[in-house]
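2 protein chains.
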Amino acid sequence: MNIHEKRLKDLQHLLKKEKLDAMVVSRPLEQGFLTGYHMDGYLMLVSQTDVWAFMPKMFVDQFRSKVDFVSPSAPDNQLEAAILKIRENKFRKTVFEPETESYLRGQFWRKKGLLEFKGLTAGLRAVKEGAEISILRKSCHIAAKAFKIVKPRIKSGRTEISVSRELEDIMQAMGAKGPSFNLIIGFGPDSALPHHETSDRPLKKNEAVLLDFGCVYNGYCSDITRTYFHGKPGAEFKKVYAIVDAAQKAGVKKVKAGVKTAAVDKACREYISDAGFGQYFIHGTGHGVGLEIHESPTLNTKSRETLRAGMTVTVEPGIYLYGKFGVRIEDSVLVKSGGCEILTR
Amino acid sequence: MNIHEKRLKDLQHLLKKEKLDAMVVSRPLEQGFLTGYHMDGYLMLVSQTDVWAFMPKMFVDQFRSKVDFVSPSAPDNQLEAAILKIRENKFRKTVFEPETESYLRGQFWRKKGLLEFKGLTAGLRAVKEGAEISILRKSCHIAAKAFKIVKPRIKSGRTEISVSRELEDIMQAMGAKGPSFNLIIGFGPDSALPHHETSDRPLKKNEAVLLDFGCVYNGYCSDITRTYFHGKPGAEFKKVYAIVDAAQKAGVKKVKAGVKTAAVDKACREYISDAGFGQYFIHGTGHGVGLEIHESPTLNTKSRETLRAGMTVTVEPGIYLYGKFGVRIEDSVLVKSGGCEILTR
Numbered sequence: 521m522n523i524h525e526k527r528l529k530d531l532q533h534l535l536k537k538e539k540l541d542a543m544v545v546s547r548p549l550e551q552g553f554l555t556g557y558h559m560d561g562y563l564m565l566v567s568q569t570d571v572w573a574f575m576p577k578m579f580v581d582q583f584r585s586k587v588d589f590v591s592p593s594a595p596d597n598q599l600e601a602a603i604l605k606i607r608e609n610k611f612r613k614t615v616f617e618p619e620t621e622s623y624l625r626g627q628f629w630r631k632k633g634l635l636e637f638k639g640l641t642a643g644l645r646a647v648k649e650g651a652e653i654s655i656l657r658k659s660c661h662i663a664a665k666a667f668k669i670v671k672p673r674i675k676s677g678r679t680e681i682s683v684s685r686e687l688e689d690i691m692q693a694m695g696a697k698g699p700s701f702n703l704i705i706g707f708g709p710d711s712a713l714p715h716h717e718t719s720d721r722p723l724k725k726n727e728a729v730l731l732d733f734g735c736v737y738n739g740y741c742s743d744i745t746r747t748y749f750h751g752k753p754g755a756e757f758k759k760v761y762a763i764v765d766a767a768q769k770a771g772v773k774k775v776k777a778g779v780k781t782a783a784v785d786k787a788c789r790e791y792i793s794d795a796g797f798g799q800y801f802i803h804g805t806g807h808g809v810g811l812e813i814h815e816s817p818t819l820n821t822k823s824r825e826t827l828r829a830g831m832t833v834t835v836e837p838g839i840y841l842y843g844k845f846g847v848r849i850e851d852s853v854l855v856k857s858g859g860c861e862i863l864t865r
Numbered sequence: 521m522n523i524h525e526k527r528l529k530d531l532q533h534l535l536k537k538e539k540l541d542a543m544v545v546s547r548p549l550e551q552g553f554l555t556g557y558h559m560d561g562y563l564m565l566v567s568q569t570d571v572w573a574f575m576p577k578m579f580v581d582q583f584r585s586k587v588d589f590v591s592p593s594a595p596d597n598q599l600e601a602a603i604l605k606i607r608e609n610k611f612r613k614t615v616f617e618p619e620t621e622s623y624l625r626g627q628f629w630r631k632k633g634l635l636e637f638k639g640l641t642a643g644l645r646a647v648k649e650g651a652e653i654s655i656l657r658k659s660c661h662i663a664a665k666a667f668k669i670v671k672p673r674i675k676s677g678r679t680e681i682s683v684s685r686e687l688e689d690i691m692q693a694m695g696a697k698g699p700s701f702n703l704i705i706g707f708g709p710d711s712a713l714p715h716h717e718t719s720d721r722p723l724k725k726n727e728a729v730l731l732d733f734g735c736v737y738n739g740y741c742s743d744i745t746r747t748y749f750h751g752k753p754g755a756e757f758k759k760v761y762a763i764v765d766a767a768q769k770a771g772v773k774k775v776k777a778g779v780k781t782a783a784v785d786k787a788c789r790e791y792i793s794d795a796g797f798g799q800y801f802i803h804g805t806g807h808g809v810g811l812e813i814h815e816s817p818t819l820n821t822k823s824r825e826t827l828r829a830g831m832t833v834t835v836e837p838g839i840y841l842y843g844k845f846g847v848r849i850e851d852s853v854l855v856k857s858g859g860c861e862i863l864t865r
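Protein chains in written order, with my numbering: chain A, 521 to 865; chain B, 521 to 865.
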């Protein structure tokens with residue numbers, strides 16, 4: 521049984537446990553997670569014992585060649601085909617996941633008597649297992665290594681966008697499919713914008729360099745941020761860097777199974793606040809990372825989840841002095857029972 | 521007034537025309553279209569005379585530096601902040617666009633008394649104007665030129681993925697930000713899968729080569745497909761190629777303002793059916809292309825739109841002989857009053 525077949529079984533087991541007859545799976549992300557076939561425009565119906573996949577005619581041959589444990593069909597109307605199967609099988613309690621559904625399709629399901637049920641696939645996805653962990657480790661390793669290769673090549677006059685492209689090339693040469701998001705490369709004052717859009721601004725002597733990047737390797741995302749000073753840093757940069765660095769280490773130290781996500785945020789935030797820079801740490805501390813660059817759980821002041829062994833999360837505090845510079849330091853880490861493994865190393 | 525300011529005014533004019541007090545704009549795509557600031561996680565409220573933008577604190581400085589005609593604010597809860605503004609201003613008829621909304625947010629709007637209203641922003645987006653047209657022309661030109669550069673470099677032994685990467689590099693060197701979708705490069709039997717996932721399969725002598733690709737230039741997508749034979753084509757490939765080529769030309773010839781989208785599909789489909797290959801043309805004929813790689817209008821047997829001057833659409837019939845080869849020929853074209861301009865040239 522391959523990993524996707526196992527996940528489908530895990531989901532069917534969950535349906536049994538929750539006393540649900542069936543669920544519809546509408547999004548390519550979850551469909552890819554459950555079958556290995558990731559394509560916009562098909563629809564799955566999963567019962568406790570069966571699986572149906574409805575898709576356009578042009579997907580069928582390709583689907584068959586990749587997925588040998590689910591039979592595809594190509595009805596004229598996928599949504600109506602799912603409803604027909606639900607009726608034929610006399611499923612009484614069929615659900616959809618409100619957090620993954622579009623408004624129009626969700627309205628359709630409701631009108632047809634389906635019920636909302638949150639978190640079924642998200643729960644399966646948050647805890648990584650088996651091959652997922654080694655793939656994530658490799659994805660993070662590629663990113664960490666790319667930083668070491670690119671850093672000595674970042675000289676005065678290079679543009680942010682040229683560094684972004686070189687990072688992508690380096691990661692692709694190591695086997696990555698592409699970047700895991702629009703890479704954020706910020707020089708000088710651009711580093712003070714947490715979501716800066718990488719531009720053609722050239723690097724000058726004595727400026728901060730912030731690189732927030734990652735790749736997709738075998739479907740899984742990595743996420744890393746490194747900040748350093750190009751030239752001779754002044755006292756302010758040195759001070760801010762040391763605070764963010766210590767805060768990030770305090771956060772990473774806090775990560776282990778059983779700990780509340782908010783406690784990791786608190787560890788970083790208190791350190792930065794105590795150092796007098798609390799108002800300049802203007803975002804959450806981290807997020808889950810996996811098939812999506814941002815996924816469950818979240819690590820911020822309001823989050824209520826508990827870390828479980830096998831989760832992969834980022835720890836990424838920052839201080840942003842608008843108009844001057846920003847410092848963010850980020851690692852992706854794997855939660856373990858007694859602590860965590862830093863993957864972006 | 522820049523293009524974004526003009527679009528906001530166009531939208532406000534539409535609100536007036538439709539007798540709507542205000543609308544919420546939730547998706548980065550539409551927000552970017554209206555302001556030039558494209559970022560996941562903010563929310564806009566547009567009335568006939570005012571615009572509000574609610575966002576996380578960390579976006580505010582960046583937003584201000586890019587958008588000088590809308591004032592941002594950073595409330596604790598963006599959705600509740602929008603509702604508060606609606607109440608303060610006594611807006612009676614505030615709408616959201618069901619086709620762009622997520623299920624959970626749509627449910628929230630409904631509970632708060634907002635109404636569904638389709639197609640406001642899609643209508644503005646479908647017809648391109650001013651700078652959009654020259655940007656799209658350039659985006660398509662880059663793709664078309666990249667094909668001419670890469671073709672002589674595709675030799676026996678090269679893998680699909682290596683060709684995909686080289687195409688991306690060539691297009692980036694010409695100013696593209698990146699690919700406009702996961703490029704589809706199919707050799708031999710892989711060309712017979714319309715949505716083939718580009719693999720590390722090497723090219724052999726005497727195989728079909730299908731390249732379906734495009735780039736994002738200045739935010740706008742191009743889309744082009746070229747098919748040819750690597751080696752000496754047999755009679756079957758020559759025949760199928762000639763049919764698809766003639767069908768595609770028939771489709772392009774049909775495109776002009778005032779023509780039904782289904783009529784373009786019919787022109788391609790009838791040609792292929794009359795040649796005896798109707799059952800192997802297993803997808804629609806085309807789609808709009810712009811900020812999204814697939815956008816309004818659609819060109820297939822069921823579509824009901826009418827082409828308008830300024831729309832940019834693809835014309836891309838194909839014949840797929842599973843296990844052997846496929847041929848698809850695609851151009852992006854600009855609809856004009858008396859015909860169309862082929863952009864991917």
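Derived by calculation from the structure, the hints in this document are not laboratory data. Please note that a few of the clues may not be correct.
What the hints assert, rightly or not - Under the rule of at most 25 Å between Cα atoms (straight-line distance), these lysine-lysine pairs were calculated in the PhoX-like manner:
(1) A:577 - B:668
(2) B:632 - A:632
(3) B:668 - B:632
To be verified - Which stretches of chain A does chain B cover? Using the computed rule of at least three CB atoms under 8 Å from a CB of chain B, they are:
(4) 565-579
(5) 702-716
(6) 805-813
Ideal Cβ placement from N, Cα and C applies to all residues, glycine included.
Comparing the hints with the structure gives:
With a C-alpha separation of about 32 Å, the suggested pairing of residue 577 of chain A with residue 668 of chain B is violated against the 25 Å cut-off. For the hint pairing residue 632 of chain B with residue 632 of chain A, the CA-to-CA distance comes to about 23 Å; that is within 25 Å, so the pair holds. Taken as a hint, the residue 668 of chain B and residue 632 of chain B pair is broken in the structure, with Cα atoms around 55 Å apart against an allowance of 25 Å. Chain B is given as covering the segment 565-579 of chain A, and this holds because 4 residues of the stretch bring a CB closer than 8 Å to a CB of that chain, at least three being needed.
As drawn, the segment 702-716 of chain A meets chain B at 5 residues by the rule of a beta-carbon pair under 8 Å; at three or more, the given contact holds. Interface restraint, the segment 805-813 of chain A with chain B: violated (0 residues with C-beta to C-beta distance below 8 Å; minimum three).
In this structure, the hints that do not hold are numbers 1, 3, 6, in rising order.
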